[in-house]
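K.L.:
Chain residues, written in single-letter form:
Protein chains: 2
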Amino acid sequence: MSAHPRLSMNQATIKHASLDDALRVTAEGGYASIGLWREPVLEVGLAESARRLADSGLRLSTYCRGGFFTMPEGPDRRASIDDNRRGIDETATLAAAGAPGSTPVFVLVAGGLPDGSSDLVGARSRVADALAELAPHAASAGVTLAIEPLHPMYASDRAVVSTLGQALDLAEPFAPEVVGVTVDTFHVWWDPDVLAQIARAGASGRIATYQVCDWATPLAADVLLSRHEPGDGVIDFASLTAAVEATGYDRDIEVEIFNQEIWDAAWPDVVERTARAFGAAVAPHLRAPA
Amino acid sequence: MSAHPRLSMNQATIKHASLDDALRVTAEGGYASIGLWREPVLEVGLAESARRLADSGLRLSTYCRGGFFTMPEGPDRRASIDDNRRGIDETATLAAAGAPGSTPVFVLVAGGLPDGSSDLVGARSRVADALAELAPHAASAGVTLAIEPLHPMYASDRAVVSTLGQALDLAEPFAPEVVGVTVDTFHVWWDPDVLAQIARAGASGRIATYQVCDWATPLAADVLLSRHEPGDGVIDFASLTAAVEATGYDRDIEVEIFNQEIWDAAWPDVVERTARAFGAAVAPHLRAPA
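Taken in order, these protein sequences are the chains called A and B.
FYI, the working numbering numbers position 156 of the first sequence as 156, with every residue one higher than the one before it.
FYI, the working numbering numbers position 49 of the second sequence as 1049, with every residue one higher than the one before it.
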């Protein structure tokens, strides 16, 4: 089988696969790249995961994920910052083990409002504080922190960062190779300002990763699981992808899907179906490979 | 019973009440104002509804709702525009029949993407076209069209207008007494730019109505029904209400809730519970009544 040379399988799309299974079905599916998640990596151990990634011949496109640092100062916040430092180190190790073209990108989801709090402004300011605390560590590890704005329906419980513009405002105090943004079509497609903000992100060199999946209604009862294969919903991948390409972004593009039906399917089928969906809905809007 | 003098019961909160029942329980609950919906009004007939509203002694705060005009030109679009013209006329009739202080505000929800379409930009431009077509009729009827940005989770199937800033951009070509905006806390609370956009709306005299209800997770399986009484969720009513008040907005404030549990409750209980919730979560942030 073959897949588009820039397509990367985000491991969440085959959530129940172990690291070994994920690497194997992705490589067998003709992909050249994978986005890994911390839990399955740490289950195997970092050094062993790095060896297996190297053996797979795949590039690493991102490592998912850190963040969740909206809580006020205290032991929970210290634990989160420490955990994010470890995540940064893991990203560096894995990216070094991946095939050439691997990118040391650590995806960050901000976290929601602390329990019982309505202080969105305060939670957001603590995201800025956390970035300031983590940036030196990321810089010395050569890792890019990729703040991911999540759809506003997750603003209270998962991510107080809701728009690309807001993520870029948070990134701006830092060098672009240290703090960038994740552009995920599912989260940003609705934004009236999205094309301008993609251009802004590109102009400042801050598109750390581009992720694609589709939006369809009715939303799943658990709205976290409402993501679909590109082309199975209403997102205009032509305009979004063209806007990302126009910035000069030329790295891997992940398909990251949380969807019970897809999680329940056989992994090789998902890998194949995803390559087909990407080929039909996204690839036509990419520059021809060099 | 008594309720805050600026509190208005939006009829959707007691969705299954007939017009008569809604007017009666709202007045008996000590409210001075009500926001009516078209379906129960038209069930009784417009002239008869106007008489009953007059008899109730209540003000009309808004009339809900029109819009749904994102479809391309053709018979469906003509039917929608005609229906919106009738809604404008109904608004004028009802506001004239309501107690002094009634406001002829017709709330507009844009509508989602037409079936099979991914053209968000086109759908949005057709909203602008519809406003241009309806504005002269609204102006001559003395009615304010109140564009309601809906939460981005409804962008594909209910409203391609997702932010207050976008609604204000759409309103700007028209006089503020002809095209304004609806500020509904549930839809805008997450927006990093919301306070600035409320100030902008106020500066241009475009806050046609302020509606309050709360956001809590997990969202209902039908995300339309995820609205809660003020104080039962995470929205910061202090900052939003203070921002609206700071613009000089001094008219009625509606509580509009779609929630199965509330719809299943006895109407007088809902009316009382809503007055209490408003008194605790919103009223402390209002100027003292003159």
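Treat the hints with care, as some may be off.
Here are a few chain B residues that face chain A, going by a calculated C-beta distance under 10 Å [claimed, not checked]:
no., residue
1, HIS1016
2, ASP1020
3, LEU1042
4, ILE1081
5, ASP1119
6, VAL1121
7, SER1156
8, ARG1158
Don't read these hints as lab results, they were simulated from the structure.
For every residue, glycine included, the Cβ atom is placed at its ideal position computed from N, Cα and C.
K.L.:
Against each hint, give a clear statement of whether it holds in the structure.
P.N.:
Now the hints, each set against the structure:
{"no.": "1", "hint": "HIS1016", "in the structure": "23 Å, violated"}
{"no.": "2", "hint": "ASP1020", "in the structure": "34 Å, violated"}
{"no.": "3", "hint": "LEU1042", "in the structure": "28 Å, violated"}
{"no.": "4", "hint": "ILE1081", "in the structure": "23 Å, violated"}
{"no.": "5", "hint": "ASP1119", "in the structure": "7 Å, holds"}
{"no.": "6", "hint": "VAL1121", "in the structure": "8 Å, holds"}
{"no.": "7", "hint": "SER1156", "in the structure": "5 Å, holds"}
{"no.": "8", "hint": "ARG1158", "in the structure": "9 Å, holds"}
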